[in-house]
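Kindly generate the complete structure, drawing on both the sequences and the hints.
Number of protein chains: 2
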Amino acid sequence: MIVDIHGHYTTAPQALWDWRKKQSAGQKPGPLRISDDEIRETIESNQLKLQKERGSDLTFFSPRAGSMEHHVGDAAISAEWSRVTNDVIHRVCSLFPKSFAPVCQLPQSPGVPPQNCIAELERCVNELGFIGCNLNPDPSGGHWKEPPLIDKWWYPLYEKLVELDVPAMIHVSSSCNPAFHFTGAHYINADTTAFMQLIQGDLFKDFPTLKFVIPHGGGAVPYHWGRYRGLAQDMKRPLLKDHLLKNVYFDTCVYHQPGIDLLLKVIPVENILFASEMVGAVRGIDPETGHHYDDTKRYIEGNPSLSASDKQKIFEGNARRVYSRWRG
Amino acid sequence: MIVDIHGHYTTAPQALWDWRKKQSAGQKPGPLRISDDEIRETIESNQLKLQKERGSDLTFFSPRAGSMEHHVGDAAISAEWSRVTNDVIHRVCSLFPKSFAPVCQLPQSPGVPPQNCIAELERCVNELGFIGCNLNPDPSGGHWKEPPLIDKWWYPLYEKLVELDVPAMIHVSSSCNPAFHFTGAHYINADTTAFMQLIQGDLFKDFPTLKFVIPHGGGAVPYHWGRYRGLAQDMKRPLLKDHLLKNVYFDTCVYHQPGIDLLLKVIPVENILFASEMVGAVRGIDPETGHHYDDTKRYIEGNPSLSASDKQKIFEGNARRVYSRWRG
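Going down the list, the sequences are from chains F and E.
In terms of the numbering used here, the first sequence opens at residue 1 and continues consecutively.
In terms of the numbering used here, the second sequence opens at residue 1 and continues consecutively.
Please keep in mind that the hints were generated in silico from the structure rather than gathered at the bench.
Check each hint, because a few of them may be wrong.
[Said to hold, decoys possible] With a straight-line cut-off of 20 Å between C-alpha atoms, the simulated PhoX-like cross-links for lysine-lysine are: (1) 145/F with 28/E; (2) 265/E with 265/F; (3) 236/E with 246/E; (4) 236/F with 246/F.
If you want it as structure tokens, here you go:
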């Protein structure tokens, strides 16, 4: 079985985005009206089609990351939007239970203590069967005003994640800082930033069973693995494998063979989870290969060093271990 | 000949940092008093010793990046500090002309148009023989309030760089944003951010001879080369080799063999300049190799695919082409 742990509903019906547009403009959008057929159509002609073409079986599916927009409006706006969009994810996964498992957006809001996310997290996990969540380390959208992830600011949420046994993917949303292109800079920077924050602290001493997934192949981290090992050493931190790798995982959203080869070389196979983020940031076909850039399964299969057992871990086994509420 | 294009005077005598401390505190620090012998001692026991041990010949040498601190004080403070610290670099290079060539800090200040840097740049280049400069894309120190590098905001400075035929290394300073560890997140993020900004614009149509060096192996860029190729393609930009690689270069400050191997695999050899940033961000010895993490010459030499001609380009030839004022 091949499980893609990182997909967003980027192709949701226009009615969802219209609803959000009204809400952002301070209007009352009323109930969201999307039919099951509309949902089926957007999924069958996009994500499900690509699953079949590429040969993956199931995607852990969450709301469009760039549309979480925690920086828009206040905590009430964020809470309402999160409920609406998480409900849509729930509907997708109910319509296609063999192909999608739900991961939720959290109703974060800049400067608002993250315990405000607990009610929605509990609703999604306990009532709707969600198996994971996306945690935004920068709800300001590119201004980075929240305390680092190792700060006790975040602890109430971590306590709930541990209690529910739910992993968090550390994933920012769109950028409202013109310095940062959202998928080309803000996403990758956030991955790198989060990992470095974790090096600086002792978060997993306080939460030994907390699980974080760092997407986009860990940002810059595997490429600079020597730098991070060396910085940790200079800072008298433990070896990264002991300090972080019992709790931190990387996905495989790296869109060329040499990048995946590097990831597989430097990060232990137990810490790597297959993902493509399709349909997502990069939609084209690579003229150098004739295949979609984000068809990352090809790169895993194209790596000459992985054993069958390694591949099984990356494609399925690690996902079962990390997303332990998933029973697909 | 082996030229290291990226070194900072991290080991400058304490009197320099004391001077800066006084200046930052609003006091009048008076003339800086450092003897030639003090400079000799700090260089001979550090950078020069390591050059000899590792077998490099000459370093392009600039003020300590983390101490540029463009966010401290106003433009006058930044101008005074830049003159003082650039003068110290000039003294180092005058004392050791066969081992160091000078690269200057610019007196940037948050929100101040960068033409304020031109006088100091001209002084350094025309009067003191500097061959390059470090340009900070985020003088706010981690708050990223300046327009992107493709914005016309920067053009007066670019005009002068072109006129003087001086390359700019895109290098941030310390971070005053607690989200960003300076050498572990802010530096690497800045490299990634700058490259993505350049993808978004057409800067090199306006400045076909402008030259930028992106340090730290290009941040996350080579690891995500497929992502950047794909984003450029989705955005209808030219191929990256045509769009950016006639003007943008990467150094080799990547502190492990797999990272360097990736860099050498995906980036054309003409765009790679040898560098170590010693004595810099990572000072320890890698227990996996028994050598310093930042002894990057070993990784270049350890790459199995480079020809002798490729190595000559990386170690010397490209530096002569990019830093064309250097006649060492």
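Any of the earlier hints contradicted here, and which numbers?
Going through the list in order, the structure violates hint 1 alone and respects the others.
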